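> Hey, can you work out the whole structure from these sequences and the hints?
Chains D and Y are the protein sequences, given in the same order.
Residue 1 is where the first sequence starts when you use the numbering used here, and the numbers rise one by one after that.
Residue 1 is where the second sequence starts when you use the numbering used here, and the numbers rise one by one after that.
Don't read these hints as lab results, they were simulated from the structure.
Check the hints yourself; a few may be wrong.
[Claimed, not checked] Output of the computed footprint for chain D on chain Y, the stretches with three or more beta carbons under 8 Å from beta carbons of chain D: (1) 59-69; (2) 152-161; (3) 218-231; (4) 242-254; (5) 261-272; (6) 455-465.
[To be verified] From chain Y, some residues computed to sit far from chain D (all C-beta separations above 10 Å): (7) G353; (8) A388; (9) V426; (10) A439.
[As the list claims (entries may be wrong)] So the derived label-pair ranges between C-beta atoms look like this: (11) Y:R162 with D:A25: 47 to 55 Å; (12) D:V17 with Y:D177: 55 to 63 Å; (13) D:A51 with Y:D126: 24 to 32 Å; (14) D:A25 with Y:R200: 28 to 36 Å; (15) D:V148 with Y:P429: 19 to 27 Å; (16) Y:P211 with D:A51: 53 to 61 Å; (17) Y:W238 with D:V148: 29 to 37 Å; (18) D:V17 with Y:R390: 52 to 60 Å.
All values derive from a computational prediction rather than experimental measurement.
Just so it is clear, CB atoms sit at the ideal spot from N, CA and C, and this is done for glycine as well.
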Amino acid sequence: MAAFLLGRLASRLVLAVLAASLAYALAAAALDPRAGFEGRAPRPPEAVVDARLTALNLNDRTPLADRYLVWAEGVVHGDFGHTSDGEAVNAELWRRLGVSFRLLFLGAVLGSVLGVLLGAYAAVRRGRTADRLISLGSYLLLAVPVFVLAVLLQIAASRANRAMGVQAFVWVGEATPGASDGVIGGLADRARHLLLPTVTIALTQLGLYCRYQRAMMLDVLHADFVRTARAKGLRRRSALLRHGLRVALTPVTTYFVYAFGLLLLGGIHTEKIFGWHGAGEWLVDSVARGDVNVVAAIVCVAVCGVVLAGLISDVLQGVLDPRVRAAE
Amino acid sequence: MKRMLVGVMLMAVGGCSGPGEPFTHAASGRLTASDVNPTPRDRVVDGGTLRWPLPEFPSQWNFNHVTGTKGAVEHVVQGVLPYLMRADEKAVPRPVPEYLRSATLKRTKHGQIVTYRLNPKAKWSDGRPIGRADFVAQAHALSGRDRRYEVSTVTGYRRIKRIDQGADEHAIKVTFDGMYADWRSLFSPLYPATAYSTPRAFNTGWMNRLPVTSGPFKFQGIDRTAKTITIVRDPAWWGAPAKLDRIVYRAMDTSAMPGAFANDEIDLMDIGLDAGALKRVQDVPGAAVRRAGGPDWRHFTLNAAGPVLSDVRVRRAVMLGIDRHTIARADLSGLDVPVQTLGNHFYVNTQDGYQDNSGDLGTYDPARARKLLDETGWKLHGKYRTKAGRTLSLRFVVPSGVPISKREGELTRALLERIGVRVDIVPVPADDAFDRYVAPGNFDIVPFSWLGTSFPVSPMESVFARPHGDRVQQNYSRIGTAAIDAAMDRAIAEVDPARIHVLVNRTDRLIWHQASVLPLYQRPQLVATRAGLANLGACGFFEPAYQDIGFTTPR
Chain D
1 MAAFLLGRLA SRLVLAVLAA SLAYALAAAA LDPRAGFEGR APRPPEAVVD ARLTALNLND
61 RTPLADRYLV WAEGVVHGDF GHTSDGEAVN AELWRRLGVS FRLLFLGAVL GSVLGVLLGA
121 YAAVRRGRTA DRLISLGSYL LLAVPVFVLA VLLQIAASRA NRAMGVQAFV WVGEATPGAS
181 DGVIGGLADR ARHLLLPTVT IALTQLGLYC RYQRAMMLDV LHADFVRTAR AKGLRRRSAL
241 LRHGLRVALT PVTTYFVYAF GLLLLGGIHT EKIFGWHGAG EWLVDSVARG DVNVVAAIVC
301 VAVCGVVLAG LISDVLQGVL DPRVRAAE
Chain Y
1 MKRMLVGVML MAVGGCSGPG EPFTHAASGR LTASDVNPTP RDRVVDGGTL RWPLPEFPSQ
61 WNFNHVTGTK GAVEHVVQGV LPYLMRADEK AVPRPVPEYL RSATLKRTKH GQIVTYRLNP
121 KAKWSDGRPI GRADFVAQAH ALSGRDRRYE VSTVTGYRRI KRIDQGADEH AIKVTFDGMY
181 ADWRSLFSPL YPATAYSTPR AFNTGWMNRL PVTSGPFKFQ GIDRTAKTIT IVRDPAWWGA
241 PAKLDRIVYR AMDTSAMPGA FANDEIDLMD IGLDAGALKR VQDVPGAAVR RAGGPDWRHF
301 TLNAAGPVLS DVRVRRAVML GIDRHTIARA DLSGLDVPVQ TLGNHFYVNT QDGYQDNSGD
361 LGTYDPARAR KLLDETGWKL HGKYRTKAGR TLSLRFVVPS GVPISKREGE LTRALLERIG
421 VRVDIVPVPA DDAFDRYVAP GNFDIVPFSW LGTSFPVSPM ESVFARPHGD RVQQNYSRIG
481 TAAIDAAMDR AIAEVDPARI HVLVNRTDRL IWHQASVLPL YQRPQLVATR AGLANLGACG
541 FFEPAYQDIG FTTPR
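Here it is, written out as structure tokens:
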């Protein structure tokens, strides 16, 4: 299994370097950090803007190849350069990734686990009322855009607050600024802030996994090995759980690992509407601002994430699917 | 660039105070100059926390640094740094007594001398008195003479020749080489000498911190993960103590603000021109919507270097054929504000000195527009006019994703079709709109907003000055005259406010005559606040006295 993983790792690393370089070249060629300065009235002195852009390796009058080399040298030393505000990208990147992770992890796990269970249940109950209801619900969730769902939840929550007369639901940011109720109070405050975003993410993820798992499960239910297991005398329940679900779970695991990476960057709407300052929001704002180094850094993280996700899913597949181990 | 096209509403998140006019817009059909729930200090309770959203989170808190000149920075430093002058609701700058006793101007043979008499009690949080050293450091840093200072602009400061001590230690004499009308805009805010004495301190000393302050509030802390900054009441403040205990500024996307406001997690928010957001916050119990005329103005820029619009008679016909009132009414629908067109290129309706100079170009007159076009040889053939085999058609550039611009384009198309002019709406990516279309002159008509200030002449100089070849600065109409340049120079060199108004309006009439930029309306400011929030709201030009901000009921 080690040789198999090493081989995969090498080819993925080459891919990662290529993808990151391309991403930088694209960002540096397409984005224009100068525009933000030139649109102001009164306009800043040109010499100042030029000097500043050069110092940050963002000057569009420096050849792209030179800028790339400076950037690549930094990245090799683990330094992603500076934002157009003059901040170190690295520190902000870790802060933002931390926020994204705290915002999304619970919702993603909850959503996918519940989705898988509901999907499996629907598949077993295929065609009956339970299946119909679950399908209807999951289609509805898939059809509603995240920001609509989030705003609806917010409206409901603030109505509930008003009806109860206490501020039970709060959601802006990770915590109430300046609230000092000790460790326990602080944690409770954070949990309260996490509630609504977690529900939003869990619901969107749930719809997706539910459909996916149901389809996988239906394929497996009629597979020969499940019938064989039943024929050997296993009960329907254990045949389904031990043989059916386990096999149907393999592709979903791969999907989860990749999807979580994408979710980390794709949680833009959730982050923006709930006032959390994560990586997704940063990416979108940086593209709008023409902040090349930030965009390149986030794409690099995404590339690494995909490589890592691939590796993890390889390992998981090896654990779940004996054929992979046997293939060596 | 994008900021000017689409993001103007992101610029200011409410904030001003002072003796505003009573709320009369609905009765008189005009926007008030400011609407801030003015309340005497004895009716404002002591204490409380104000939660104030910012549309972005700055890392540079030096307002004069090239990356620090932002509305968000201003909202914070206005509470913690000296402002020698603050504008009232009509944009007239007045001395702030806690810092400045008086400022007097004396003309000399070669320029002007301003003598500032500072308040002797004024001092920095590190104990040093505010004095000449601070003036010298700021004037030097912002003069542009030392290239290592990454300054946002050198306007004004580069004309300072000398700074001397006056009769005593609290009097400062600033000598200018020439006349400078907007001298009242200088030293507001004033940074301490320690911050500006070296380029290094200037460029990096105020990154993520405000080391020295001098105001009713002092800096408490920044949370870079949550993107919040907190300022608290400063007991060392020598003026009337701040009513609020503290102000917590919190960065959040504008899409998060209505929900946060409805759920009582922030105390005010800028609604912009978003009728949907207005609807959402209007129904919140205990909330009030404040409305006032803002400093920014919406307009159409006509490209006078284009093949069709190079003829001034065609430009005039286009202006006569556009019903500005209809466009303003469409843009402002659902906001419950009076619709008023703007007749000036420098002042907005609520500003001191404003006067409608539009003359006969200001009223919709399709009959005269048709006649003008007939005279120029563009004859009607079927639906549109043609001349020498060419159809009279104009490219109306619209940044995509900006619904207001698109609607303006469609209205203009319908209006101009009546006089036989074809309008082709060209949607372009919002990020490219300025670089690839407006700046190179690749358009005939483009709608956007100019950000206004209390000192409109020097910033607008780059918009109306005659272009030199490809160096157009911000004159996207690419036209100008020696007369306009001279008129603007005279206005900038004048120091008497009444004379300035006369000279600026004279310049404005010349620009109307040139028919290159069509002002539409003054952008209203809509700010939702808790009904009990006093001395803050939709401020227009008004700059706040932060110590008076507070709540009328305990919170």
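> Compare the structure with the hints numbered earlier in the document and write down the numbers of the violated ones, lowest to highest.
Numbers 10, 16, 17 - these are the hints that the structure violates, sorted from lowest upward.
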